[in-house]
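Engineer: All chains, please: the whole structure from these sequences, using the hints.
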Amino acid sequence: MVTQQVLVTGPFGEAGEAILNHLAERDEYEFTYLDRTEHPEYETFVADIADYEAIRPAFDGQDAVIHLAAQSDAGASFEDIIEPNITGTYNVLKAMEDAGVEKLIYASSQRVMGLYEEDLAPDLYEEDYPSRYDPFRLTHETLPKPDGYYGASKVFGEHICRTHARRDGAPSQVYSIRISSVRTERYDHPYGDAERGVDRGDEHKVEEGEVWDQSQTGSWERGSPEYEEMVKRLKATWTSQRDFAHLLECCLEDESVTYDTFYAVSGNKARWFDIDHAKAVLDYEPADDGSEWDSPPE
1 MVTQQVLVTG
11 PFGEAGEAIL
21 NHLAERDEYE
31 FTYLDRTEHP
41 EYETFVADIA
51 DYEAIRPAFD
61 GQDAVIHLAA
71 QSDAGASFED
81 IIEPNITGTY
91 NVLKAMEDAG
101 VEKLIYASSQ
111 RVMGLYEEDL
121 APDLYEEDYP
131 SRYDPFRLTH
141 ETLPKPDGYY
151 GASKVFGEHI
161 CRTHARRDGA
171 PSQVYSIRIS
181 SVRTERYDHP
191 YGDAERGVDR
201 GDEHKVEEGE
211 VWDQSQTGSW
221 ERGSPEYEEM
231 VKRLKATWTS
241 QRDFAHLLEC
251 CLEDESVTYD
261 TFYAVSGNKA
271 RWFDIDHAKA
281 VLDYEPADDG
291 SEWDSPPE
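Numbering follows UniProt numbering, with no gaps: position 70 of the sequence shown is 70.
Careful, some of the hints might be misleading.
[Said to hold, decoys possible] Calculated pairs, DSSO-like style, for lysine-lysine (alpha carbon to alpha carbon, straight line, at most 30 Å):
| # | residue 1 | residue 2 |
| --- | --- | --- |
| 1 | K279 | K145 |
| 2 | K145 | K269 |
| 3 | K279 | K269 |
| 4 | K94 | K145 |
Keep in mind the hints are simulated off the structure, nothing from the lab.
Please read these numbers as outputs of a predicted model, since none were measured by experiment.
Structural biologist: Shown next, in the form of structure tokens:
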């Protein structure tokens, strides 16, 4: 068995935790971690992706890169996203080209489609909403409508990755993964956002009509309208850690794609993101469905 050498940038956030929990101990892969800060429990190459010379050595000898590092605040200003999301993504692509690394899994975001949710919420969160519209699904061919500078930076990232994949030189295979709602292990269930709001206390109340995202500090009581709305939303957008790790593995094992876009979301009955494309191209088979939960774990 040949072990793939895989570099992960920004591995210690919510999405990265899925790799640490579900893939890191697999014999098929040997992971190297690149982050701005050192993590004593993991061997980490410490560098900022905005600094090309600093990150360049980490790419030598790698077979693939999972690029998660970014400013991930959905409400970030343009100034806040330039270095990590624009310059950083270009630096990763350039380092891959210089080092001859063939495969890139690029962490895009559901926020590239964020205005669809903004325009249709909260009706969009109802379990029967997709079926009412025969069905309502956003696919890899649907026009992107980002809801902020963060989402726009991910659209840029997708396009610059496509540019590199289509020209001579590495990377020659690029997978843009539009990540939906991956959560830390503690909140890795469809009640996770609602329960996190309960745990936060009374710091902030979500205003009527406000679309919640993980950058907010919303709080509510269990059983409140805000709590129930968070449950409905996450039952549609939840991406379990094991499903996300499975999709990454599908990309790492694939040899057919030059460039393509896929949604990382579990098989939720209420989802508005398409997974048929990932099933057809990558043999993605999610194990989880938010509709199967009727209460948080005890």
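Engineer: Look at each hint and say if it fits the structure.
Structural biologist: Going down the list of hints, with the structure as the test:
1. K279 with K145: 24 Å, holds
2. K145 with K269: Satisfied, since the Cα-Cα distance of roughly 23 Å is no more than 30 Å.
3. K279 with K269: Distance ~16 Å between K279 and K269 Cα, so the pair holds.
4. K94 with K145: 27 Å, holds
Comparing the model with each earlier hint shows no violations; every hint is respected.
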